[in-house]
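J.: With chain A's structure known, arrange chain B on it following the hints.
Taken in order, these protein sequences are the chains called A and B.
By the working numbering, the letter at position 99 of the first sequence is numbered 99, and the numbering carries on one by one without gaps.
If you want the working numbering, it's the position in the second sequence, counting the first as 1, plus 1000.
These aren't lab readings, by the way, just hints derived from the structure by calculation.
The beta carbon of each residue, even a glycine, is placed where N, CA and C say it ideally should be.
Do not take every clue at face value.
[To be verified] Computed footprint of chain A on chain B, listed as stretches where at least three residues anywhere in the stretch have a Cβ under 8 Å from a Cβ of chain A:
no.: 1; region: 1025 to 1034
no.: 2; region: 1215 to 1227
no.: 3; region: 1265 to 1277
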Amino acid sequence: MHTITLDSETDFDGWRQAARRLALNQVKPQDVTWTVRGGTPELFSTETNDLPEATEGTFNVPAKFVELAKAAILHRDPERFALLYRLLWRLRSHHDLLSVATDPDVAGVSAMARAVHRDEHKMHAFVRFREVGRVNTHFVAWFEPEHHIVELAAPFFAKRFADMPWSILTPDVCAHWDGHEIAFTAGVAKSEAPTEDRLEETWRSYYAAIFNPARLKVKAMQTEMPQKYWRNLPEASMIKPLIASAERTAGAMIANEATEPHKPQKRQDEPMARKQTHDTQARGTIAALREEATGCRACPLWKGATQTVFGEGPQSATLMLVGEQPGDKEDLAGHPFVGPAGQMLDRALEDAGIARAKVYITNAVKHFKFVPRGKIRLHQKPNTPEIRACRQWYERELAAIRPELVVALGATAAQSVLGRITPINRSRGRLIDHDGTKVLVTVHPSYLLRLPDEKAKALEYQRFIDDLKIAADQLRNSARAA
Amino acid sequence: MDVQRKLEILADAAKYDASCASSGTEQRDSSDGKGLGSTAPGMGICHSYAPDGRCISLLKVLLTNACNYDCLYCVNRASSNVPRARFTIDEVVKLTLDFYRRNYIEGLFLSSGIIRSADYTMEQVVSVARKLRDEHHFRGYIHLKTIPEADDALIAEAGKYADRLSINIEMPEETSLARLAPEKDVRAIRRTMGRLRLKLDEAAERPATKARPPRFAPAGQSTQMIVGADSASDQTILKTSANLYGAYRLKRVYYSAFSPIPDASRALPLIAPPLVREHRLYQADWLMRFYGFDVGEIVDGHGSGMLPLDIDPKLAWALRHRERFPLDVNRASREELLRVPGFGRKAVDRIIATRGVTSIRVADLARLHIPRNKALPFIVLSDHRPSVRLLDAAGLAERFRPPAKQLGFGF
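In isolation and in its complexed conformation, chain A is listed as follows:
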C-alpha cells in the first residue's frame, strides 16, 4: 500500500509527478491512498510520502487527459485523486478510452471537470463587489465557491477589472489584485467582508423593474441560479417578495379598466417612415416609376424579399440591359447587378467598350425569388406568371427610356422582352426587331460564373463579349447616322 500526500487540494503538479512514478512502477490503483497535507489523515495511514523509487522511462497520454485532469482535480470530492489515477492507469493500455463517453471512469472524470467549469462560470457571474473607502477605493467581494476554483477563476477578474484594486474573499483562499498582479492569501471568515454598497439599492430596484410578473418561471430561475448562491447576492432579497406579489400585479394588469388614451405629445417632426415623393416626381419618369414600384404586389414574390430592385441608369440611355431578377446582394442593397454576376457584367462591359454609367440596367423580375436554406438563400428561377406580372414595369421602363437597343441577358429576360419563351443559343448574336425595338439576346453573366471548367469559361466569356460588341457597334452606327 502506498500513501501519497499532496501539498494542497489543488496540487496538480504533485499529483502528476506521483502518478507518473507510481504508474512506471506498475503500482495498481487499488494499492494507492491519496491524502492532502494538513487534511485529516486517514486511519492507519502515515503522513509520510511513500513513493516508490524513481524509474527511468516515460509514457504518453492524450493531451485531452491533462486538460480534463487539471480541471477535475479542483473538484471537492476527496476521491478525485484516486479516480484520476485509475483513469490514467487504464489509459496506458487503452489509448482510445477518453472517446468512450459511456465508460464510468471517463464519465466520472468528465462530470467532475464539467462541475468545476460550471462553478468557475458561476463565480464569474455571481461575485458581487462592494466599494470600500471614499478616497482610495477598493472593491471587495465575498464568495463561497463549491469547488477549489479561486485560482482558476481569478485571472478573469484581473483582465476585466484591470484598472481597479479588488479582493475576492472566500473561506478557502482569497485573491487580490493591485493593478499589477494577482496575489493569493489564506481563506477568511465572512465577517471580514464588507456588508453593503451604496449602489445595491439601485441594483435591487433595477432587478425588480426588469422582472415581468406576468410570466413567473421560478423553476427556470432556480436551475440557473441555485438557492445556494442567494445568500451572497444583494438582489436575492427581492426574490420572495417579487414572487409573492407577482400574481396580484399580473392580475391587476389584466383586470384594470382601460384608461382614457393618453394624448400623444405634439410631434416635433413629421413621422419619418413615409417619404412623400409621389407628387414631386413627374409622371412617367424613371424616378416616378421606381417610387411606384416600391409597393408592387402584382405577384407574391414581394413577401419574402427585402425590397423592389428597380432599374437604374440615365433617362437618356440608348442601351438598356435586362437581367433575370435581383440576387441575394441586390435584394439587400436595392440596386441591380451589384453582386458577383454584376462584377462579371462590369468586366464584360468594359472589355466590350461600353460604359456602364451610360447604360440603363434592369431586371425582368424585380423581386428576389429564393428559398431559405439555413443561413443562405437559394436562388429560384422565376416562373411565367411572375415574369408576366412584372412585365408591366419593363414596358413602362422601355417607354420612359426609349433606348436604341435592348440586350436581354438570359432566358428569363428574353422571355420578358420578346414576350415568349426564346431559346438563347438559336437567337443570340443577331439583332431582332420586336415591336419596333431592336433586341439582342445573349447569356446571363451568372451563367459564366457557373461553368466549372476554366477553358469553357474563357470561351463563353469571349462569346459574351462578342455579343456585347454587336450592341456597341449598333450604338455607334446609329449615333453616326444621327
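T.: The following block gives chain B in isolation, referenced to the frame of chain A:
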C-alpha cells in the same frame, strides 16, 4: 426625478425585449491597464436571473420611453398613461460603469422610444456608446437597438461601437404590423436589416490587399417577434424566422410571448402570456438551426399549423414519421441521430466518438444524458430492440403526453 426612479421607469419599459445575450463577440479585455471591462470567452455570462426565468446579463434600459409611435402591443406607445422619463447620456454611462464595476452586468443593452426623428433618436443612442467606448474605454458588451431608416453614417457608427445591433420585426405577418403598429413599416425594417447584413459581410471579409474594413458589430444582428398578439400560426412564425435567418444572417430570432402590460390596449388579448407556446417555438427554432430540420417538416402540414403544446416538436415529428424508426444507434448517420427524440447535439457527438471504440447499450444512455423512456421506442441498441407493435401502436403518442390533471375541487 432622481436616477433611481428613472431607472425603474426605463427598465420597466425595456423588459419586454427578450434579448439579453452577451455572447459571440470578439475577445477583449482591459489588461493593457487602460480602461475597464472584457468580453466573456465563448458563451456570455448571465449575472442574475429574475423570477420570470430570464437571465440578467446586460443593463437593459431605454434612453427614453417617450415615443411618437402608437404600437398597440407596446407599453410605451404614445397613447399609454405610463409615467415617462428620460435619461441623460451621462446618467446611462455612469450607471453602466457603476454596475459593471460591481460585477452586476456584462454591459449595456440600450434602446429608445422614437423621439423627433429616426436620426435624432439613433444619434442619442449612439452617443451613449461613443462616450462609453471613447471616453471611458469601456471594453464590456454593448447591444444597441437600431432605428429603421436611420442614416447610414449613424448605423456605421453604431456598428463601430456595438457588439450587437438589433431591429425588432415585431409581428410575424406584415398585415398584423400594419394593423397594430401603424407607424412601423416592415419594408423599412427589412431594408435596414439588409443594410446591416451588407455591413456585417463587409466587416467579416478580410481582403488580402486592402486595408481592414471598419469594425462592425462582431456579435451580429438579432430580432424579436411577439407571439400571441395576432392570429399568426406557428408555421407562419417559423417561416418568417427561416426567411429572416436566410436573408439577414441573424444570430437569433427571439420569440416573446405577448404579455399583459400596465395600461394595456383593449384591442389586444389580455390573457396570461402563452409561455409553453413560446418554449415550443424556441425548440422548433433550434431544430431549424442546429438539427437539420426544414421549416416545412417541423409543423404538421395537415394540421392547424400549430406545434403541439404537450410534447416537443422533435418527438411530434418522430411520431408522424415512425417509418423512419427504429434507428440503429450504432450505425445511423449523424443526420439521422440528430432526429431521434431525446438526442441532443452533444449526446450525438459523444455517441459517434464512443461507437468507434465500443458499441452502445441501454445502460449507457444515462451517462450520455439521454432520457431513456423518450428515446427507447425509437432506437436499436446492441442489447435493445423495441417491439414492432410498440412503434406501430396508436397508443405510443399517449405514452409521452403528460398525464391529464384532474380538475381540483374547492375544499
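J.: Each hint needs a verdict: does it hold in this structure or not?
T.: Checked hints:
1. 1025 to 1034: holds (count 6)
2. 1215 to 1227: It is violated: at least three residues are needed, and the region 1215 to 1227 of chain B offers just 0 whose Cβ sits closer than 8 Å to chain A.
3. 1265 to 1277: The restraint on the region 1265 to 1277 of chain B holds, since 7 of its residues have a Cβ under 8 Å from chain A and three suffice.
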